[in-house]
Structures are given as C-alpha cells and as structure tokens.
Amino acid sequence: MPFVSGLADIDVQIPFFTQSVTFERLWPLISRHVDEIGRRGKYSHGPKVAEFEQALARYTGARFVIGVNSGTDALVLLLRAAGLEPGDEVVVPAYGFVASASSVVLAGGRPVFADIDRRSYALDPAAADAAVTPRCRFILPAHMFAQVADMGGILRVAARHGLTVLEDSAEAIGMRWAGVHAGLLGAGGVLSFFPTKTLGAIGDAGAVLTDDERIAETVGALRHHGRFGRTLDHFPGIANPTELSGVNSKMDDIQAAVLLAKLTCLDADIETRARLAAGYTERLSGLAGIVRLPAAVDRPVVTTGVCYVYLVEVARRAELAEYLARRGIGTESYYPMPLPRQPCFAHLGYSGGEFPNAEAACRRALALPLYPDLGMAGVDRVCAAIRAFCAASGGGG
Amino acid sequence: MMLPFFAPDVFDDEREVLLGVLRGVGTAPAQRFILGEHTARLERLLRDSMGAADVVACGSGTSALGMVLHAMGVGPMEIGRGAEVIVPAFGCAPLAAAVVNLGATPVFADVDPVTMVIDPERVEALVTPRTRVLMPAHVFSTMADMPRLAEIAARRGLRLLEDSAVAQGAVLRGRPAGLWGEAGVFSFVQVKTFGMPGEGAVVVTRDAELGAAVRLLRNHGQDGRRRFLHHRIGYNSRFDEVQAAFQVHRFATLPQRLARRAAIADYYSRRLGGLRDRGVCAPPAGTDGRSGYVYALQVRRRAELREHLAGRGIGSHVYYPRTLPGQPAFAAYAPPGRTWPNAELASRRALAVPIYPQLTDAQVECIADAVCEFAEAAPA
Chain C
32 MPFVSGLADI DVQIPFFTQS VTFERLWPLI SRHVDEIGRR GKYSHGPKVA
82 EFEQALARYT GARFVIGVNS GTDALVLLLR AAGLEPGDEV VVPAYGFVAS
132 ASSVVLAGGR PVFADIDRRS YALDPAAADA AVTPRCRFIL PAHMFAQVAD
182 MGGILRVAAR HGLTVLEDSA EAIGMRWAGV HAGLLGAGGV LSFFPTKTLG
232 AIGDAGAVLT DDERIAETVG ALRHHGRFGR TLDHFPGIAN PTELSGVNSK
282 MDDIQAAVLL AKLTCLDADI ETRARLAAGY TERLSGLAGI VRLPAAVDRP
332 VVTTGVCYVY LVEVARRAEL AEYLARRGIG TESYYPMPLP RQPCFAHLGY
382 SGGEFPNAEA ACRRALALPL YPDLGMAGVD RVCAAIRAFC AASGGGG
Chain F
15 MMLPFFAPDV FDDEREVLLG VLRGVGTAPA QRFILGEHTA RLERLLRDSM
65 GAADVVACGS GTSALGMVLH AMGVGPMEIG RGAEVIVPAF GCAPLAAAVV
115 NLGATPVFAD VDPVTMVIDP ERVEALVTPR TRVLMPAHVF STMADMPRLA
165 EIAARRGLRL LEDSAVAQGA VLRGRPAGLW GEAGVFSFVQ VKTFGMPGEG
215 AVVVTRDAEL GAAVRLLRNH GQDGRRRFLH HRIGYNSRFD EVQAAFQVHR
265 FATLPQRLAR RAAIADYYSR RLGGLRDRGV CAPPAGTDGR SGYVYALQVR
315 RRAELREHLA GRGIGSHVYY PRTLPGQPAF AAYAPPGRTW PNAELASRRA
365 LAVPIYPQLT DAQVECIADA VCEFAEAAPA
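For the record, the sequence lines run as chains C and F. The first sequence: position 173 = 204 (our numbering), numbered continuously. The second sequence: position 48 = 62 (our numbering), numbered continuously.
Be a bit skeptical, because a hint or two may be false.
Said to hold, decoys possible - Derived, one-sided and incomplete: chain C residues facing chain F with beta-carbon distance under 7 Å:
1. Gly234
2. Leu263
3. Phe266
4. Glu274
5. Leu275
6. Ala356
7. Arg372
Said to hold, decoys possible - Every beta carbon over 10 Å from chain F, so not counted as near; a handful from chain C, in silico:
8. Ile61
9. Gly69
10. Ala86
11. Gly92
12. Arg166
13. Arg191
14. His192
15. Pro226
16. Leu297
17. Gly310
18. Gly320
19. Val332
Derived from the structure by calculation, the hints contain no laboratory data. Using N, Cα and C, we set each Cβ at its ideal position, and we do this for glycine too.
Please take these sequences and the hints and turn them into a complete structure.
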C-alpha cells in the first residue's frame, strides 16, 4: 500500500529548504536591528545597509562591498562598472542559473557559452579558451554548489586573451582560492542573499564585492540612479546630479537586519552544512555506481569549499525526485536545461550537442535538502528513502 | 519647532505590525519569502479597488517602467537600438534611464510652465517614424493632461505608458491615475503616499496581455509554473512577502492618508494661492487630476525661501535641480540647439514643502504662515 505509507510520511515533511528554527532563534537580535531602523527612520539604502556592508567587508576581506537588491542586479551593475560596452562579448558557463548569462544581455553585451568541468560543474578553462572570440572582453566563471571554479586555469586563459575576470560568486560566500575570498580573484564578484543561500535574507538582496575603488564607486552610483556622492543613509542625496544612466537597486534595511543577525552564526552554519554533507556522503557511498556523489576537486593551491548545495547525479532523476516528493522530501533539479538551450537565448543560435558536460549534468543532477535546520535525522530520512528507491528499482538507479 | 522635509517617523504607529509580519513570514511553515500569497493578495486588492485588468508587484518603480517598456517592444539593448520614447524634460532620472538602459533613445519634450507636467503641444512635433512609446509623468501634485496625450498616442500609433509613480489615488475625469495609459506604475518607497518599509512598486494595467508579459519579465522570464525555464530575458524585480503582508495590512487606512494629504494640499493652495505677484506661485486649487504626494511651489527667490524656512525649522526640498537633458548622464540625448525653457524654469524655481499626513493642523498652518511671511516681505 505505497499510497497509504506516503500519506503517513507527509506528517514529517522534509522541505527542500527552511530556516524557521534559525530565524526564531535569532529573533531577539533581528528585532533589535529592526528597532534601530525604526529609530533612524530610513528603511532602504539606510544605515543598517551600511552596517551590513562593513560587516561583510570584514568577513570577506573585500575593500568594498556595495549592497544592492539582488545577485542578478549585482552582476549587471558589476559588468557595467567594469566597463562593458554595447556589443562586447563575455565568456560564460553553459550550465548554471540564468542570471550568469542574462546579466550580460541586460548590461548590453553578448554571452559566449563554454562547457563546464564535469567534477566542479564550473566553467572549464580549456573550453573557455577555445570559446574566446575577438570581441570577448570579459570572462565570467560561476562558482557552483560547494567549491570554487578552477580560478588558476581561468586566470591563465584571461591573461592569454587579455580578458577581465569577473566572478559570478553569487552562491560562494565563505569559499576561498589560495586564501582569497571568491569574488576577489579578478576585478570583482557578487553575492546573492536569496533566502536559500548559505547567507540568506528573507527577501531579495545582493552585493558586489571588489577591491577596485573605481568599480566600487561606479556600482555605488549605478544602484541609486547614477548619482555619485553620498546617497546611502542620506535623503537629500536624491538631488545629486545623475552622472550615469543608473537603476534603482537599493537594498532594504530589513533584509540587512536579518543578514546581520545571520552573519553572526555564518561560520557555525557553514560547519553544520559540512557535517550534514559528510553525513550524506557517508550514508550514500554504498550506492556508488547508481548515485554519483559530489567530490572536491584537488587544486594546486589550498582552497576552501562551502557546502551550499549537496548535488547528486542519478540516471533516473525525475523518478527519484518524484519518489522523494511522495515521501514528503523536497528536492530541486539544478538545472534542467543548459543555458544556451533556454528559449531566452534562442537568438544566439546554439543547436545542442555543443556542451556535452553541461547537458549530462542537466539530465542527471538533483539537489538534496541541505540547511542548518535539517539536522542529521533529516539526512538519515532522505538517505533511507534514496536507498529504498535504489533497492526498489533493482539497483538500476 | 523642527519639521524635517522627509518624515522620519513614517511607520511609528505600525512598528508592532511590522515586527509581527517579519516574524510571521520568517517562521511560517510555507517559508515563502518572495512573490507568494501575500504578494498575490496585495495585487488583487489593488486590482479590484481600481478596476484594473492586472496589477503586477515588482521591485521598484524604476524597474516597473523598464519592464513595461520592454514588454512594449523597446529593447532590450541591441534589439532596442534606434527606438525612441518621448518623455518629459523635467522629472526624475528613471524617465530617461529606463529608456537608455534598454538601448533606446529618450526624446525630451518641454513641460507646462505652471503645472510642470509634459506639454501635449510639444509632444506632437517630436513624433518620428522611430517613436514607439509616449511616456508622460505626473509631477508633484498634478496629473499630466492624459486625455490629450491619449488622443495623440492613438492618432499617431504610439504605445502609452503612464509614469504615475507619485500619483496613487489621483483621479482625472473619473479615471484613476495609472489607467489612462495602457499601463501605469505606483511606487511604494517609504516617502510615497502608499509607502512601505522597503523598496517595491506595482505595474497597473487595463491590458491583461501586458500584465502577463510583465509577470514573465519580473522573474527571469519564468512563467510561475515551471521553474528554471526562461522564456524571455528577464529581470529580478520581485516583491518581498514581508512588505506585501505589511501593505495588505495598511491598505485599509490608505484612504485616510490620501484624504489627509489632499486636505493639506487644499489648505496650502487656499493660503498661498494669492502670492503669485510676490514671486511665489502655488499649484492651482482643485481635486480633479490632483494628488497630495508632493506639494511644490514655484519660487523666484528659491534659495532665500529655503533659508527662510530653515530658519524656522522647516525642511524643504528641491527635487530636480536640473532638467533631464541637463543631467550629465543624458546629455548625449539632448540634440544641439533644442531647448526646454519651461523645464529650465521649473528646475530653478520648484520647491517642495512638507505634506506628510503626520503633520498636525498647527504645523501645516505654521508652514503656510512662514511662506506667506516670506512672500509678503518680498518686494512686489
């Protein structure tokens, strides 16, 4: 009676993501920050955003952190501030979230896709090298899931072709290459604080990270209607001259309040994530051959990964996802379609087959629940269900 | 007495509500933080209250304008090259930036010398075969002349986008601001009439198809059913659930705040309406096509009035000290030889005085007294 047992399980759902226990634990701190916002009376682009930017600069080691409305906006403004001109081409990975490539279009450029490395899911330097065109001026690798891209290889490709390196480090908080925080290995990077992220707000928010003063100043102006000079925590700044054709991408102070509270336990959260990820690997390693588990790629320098997403690969992905869903376990298919095959990039004329690694990942990858509120008991349940799926499907995965 | 121009205590009465919705959304079982049930409810409330075909919540008024233009076929970027959009020469930066950021060209039209809204007489002459959209804006307390602009748009085959960001609640000849154009926008940044403790806005439209297009664009071109399928190049311009829950709560008291603002504006116009000969020109009295978001005088000796008010603890604000073609960012779109004399005058003369609903009658009186005192001391 599988239907009945499925119903019984729904009482103890394991959502793909929740942070409600963490949020409630941090509530005294969050509400104190919100009280301070109320006393100052500035609810976006205000003093709490400035405080968060400073705290994040300390955490990442960035000289400049500029808070904006989303990771997507951060990418668009970073590309513009780094000097992208209409028609410039940008090498981007063929696999990942759409903003890795749509940000290029929104900034006025054209994405040139290159395949990924099968182990890190990030831009493959060799493929990127082969994809460079005479109109390419930038290369925009994305750090995926749990580890940094091969930045050594990418920096070499960039040097050979004279490209500026920008990083889509949206999900890479805490990740480091040779001690340098993701986003700071080239001219600049971004962070997304989408709620499911390692450091997540409870709404949209993002940031640009850079050590370059000119880029920082330009992003700071672009986010507030192209106005240079003081605008943060300063109402009259809305009358500053509009030097650039900017946007409104101001961060909400309420999101900054939540983020400041969560930043206090970020390192502990990262440790918890690592422990839960190790728990998955331990419990699922017996299924090697059916379920491919994530693995850290050896690099010639010391790198620091962060288990943002625990991504497995399985041949019968849709069936596994549905099997787990029936048992109240949420998953996500990161990502179901290579970026060049998305309808929104149809005008670029990719036909399929050009990016075998991206295509394989898109067919097989499944993200399992991974967040501090999950607990090892949650990992146990997910793994038991996956083992049951494999057993029921006769080991054919 | 200290009366800052920007009220610092906008949500003081609702502090507990804000903390309540924040904690509620943060710990709710749904764990839905963006574009969820609260947002849908806010959209329905606004849609039904004004009889729109659709209301689409998004990240900001600026991005709302950009997305409607995009949905109307202007841009993005390479695709937008060459398209022209007629906008007023006096107003806020997004009027031009939203066009430029899509790769299109803003064409600036001069404004009416008294009301400071786009002058329909000037619009007609600027239409070319490349003109796609006419984008008038309501300015301070006055709606643009939408009946005439709608007539021009219809006759010349232009799309009509109404920048109604400041004009929520205004009604012209029985039709609400936002519904004169094919689409309009309302901004909810904290200082606005329906301001909230964060950034956000809505697109309002009487065209369901346009509404659907903006729904796609606001969330990366996804249709809201299948995640990670991107039909079009889109944006991240979404609405936070915390803010939506707060706005749903506050919607009931919006009419009171609108009425209070209108009463203050009306009082100012009655007190200050006769000072024109003394160099202080107040907006005309009346309620048709008017809103009480910002009350701006036109003042010959503006800097002196600012100082006079500051000496009495009264804040004031110059919204647009430069015309849009006079901004460095848009200079490239100011054809040599073309001038916008009324916009120039407005940028030199407009001065806004406090009008937020928290002002007491005594404070409002005191502000009017201070302006009168300045004007009466002036040489006739």
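Comparing the hints with the structure gives:
no., hint, verdict
1, Gly234, "3 Å, holds"
2, Leu263, "14 Å, violated"
3, Phe266, "5 Å, holds"
4, Glu274, "5 Å, holds"
5, Leu275, "5 Å, holds"
6, Ala356, "14 Å, violated"
7, Arg372, "10 Å, violated"
8, Ile61, "7 Å, violated"
9, Gly69, "6 Å, violated"
10, Ala86, "20 Å, holds"
11, Gly92, "27 Å, holds"
12, Arg166, "13 Å, holds"
13, Arg191, "28 Å, holds"
14, His192, "23 Å, holds"
15, Pro226, "5 Å, violated"
16, Leu297, "17 Å, holds"
17, Gly310, "22 Å, holds"
18, Gly320, "28 Å, holds"
19, Val332, "33 Å, holds"
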